[in-house]
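Novice: Sequence:
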Amino acid sequence: MSIMTIHRRLVERSILTYQPLRHLPFTPAHCQVRLLWCFARSGRNHADRERRVFSDESSFQLCPGDHRRRVWRRPGQFADPAFAIACHTCPQSRVMVYGATYFDRWIPLVVLRGTLTAQRYVDNILRTVFQPFLLKYLGLIFQLDNARPQTARAAMIYPTAYKTLPWPAIPHISLQFSMSGI
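Going by the working numbering, the first residue of the sequence shown is number 1, and it counts up by one from there.
Quick caveat, the hints were computed from the structure, so don't treat them as lab data. Among the hints, erroneous ones may be present.
[Stated by the list, open to error] List time: in silico SDA-like cross-link candidates among lysine to any residue, alpha-carbon distance up to 20 Å:
1. LYS136 with THR164
2. LYS136 with VAL110
3. LYS163 with PHE103
4. LYS163 with TRP106
5. LYS136 with ASP104
6. LYS136 with GLY99
7. LYS136 with PRO108
8. LYS163 with GLU50
9. LYS136 with TRP106
10. LYS136 with ASP123
11. LYS136 with TYR158
12. LYS163 with VAL122
13. LYS136 with SER55
14. LYS163 with ILE141
15. LYS163 with LEU140
Computed from a prediction, not measured in an experiment: that's the story for all the values here.
Taking the hints into account, I'd like the entire structure generated from these sequences.
Specialist: Written out as structure tokens, the structure is:
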């Protein structure tokens, strides 16, 4: 039975599905603080935003690894080992994909097998791909995103010839809320 069939049958019987609250609605005080925060930063010029380089790394599993066996049988038929499909239960191989972009340019995607450690981040990404890109276009600012490879000691002590803009541990709006006592 598909999700659409279940949804259609619930609607036919006038049974409403539960929709979880995705976020708390802003109170008027929250809206006021958020508006003040936006006004304080509205003086920044467009050129600053065009010079920021954003990066992201994602991990992908190459094979589905839920460690379950798939069995197909007719209704009323007992489990038959002849219809069992064996599943690979060893650790699955993973790939890390790293990329960065700014305004209308981007760094080619870097694909690394396994996990991305701080030393691999410095050796395979910063030295070989990222630093030449930043030195090619002078005046760029690298926006850190508090990812573990970027905040590790090996990456922080790596000598850099470009500016970095640290990502705050607390989002600006939460900081404004805590300062205003909300």
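Novice: Run every hint past the structure and note whether it holds.
Specialist: Against the structure, the hints come out as follows:
no.	hint	in the structure
1	LYS136 with THR164	holds (16 Å)
2	LYS136 with VAL110	holds (18 Å)
3	LYS163 with PHE103	holds (17 Å)
4	LYS163 with TRP106	holds (18 Å)
5	LYS136 with ASP104	holds (15 Å)
6	LYS136 with GLY99	holds (17 Å)
7	LYS136 with PRO108	holds (14 Å)
8	LYS163 with GLU50	holds (14 Å)
9	LYS136 with TRP106	holds (12 Å)
10	LYS136 with ASP123	holds (19 Å)
11	LYS136 with TYR158	holds (19 Å)
12	LYS163 with VAL122	holds (16 Å)
13	LYS136 with SER55	holds (17 Å)
14	LYS163 with ILE141	holds (5 Å)
15	LYS163 with LEU140	holds (7 Å)
Consistency with the previously given hints is maintained throughout, with no hint failing.
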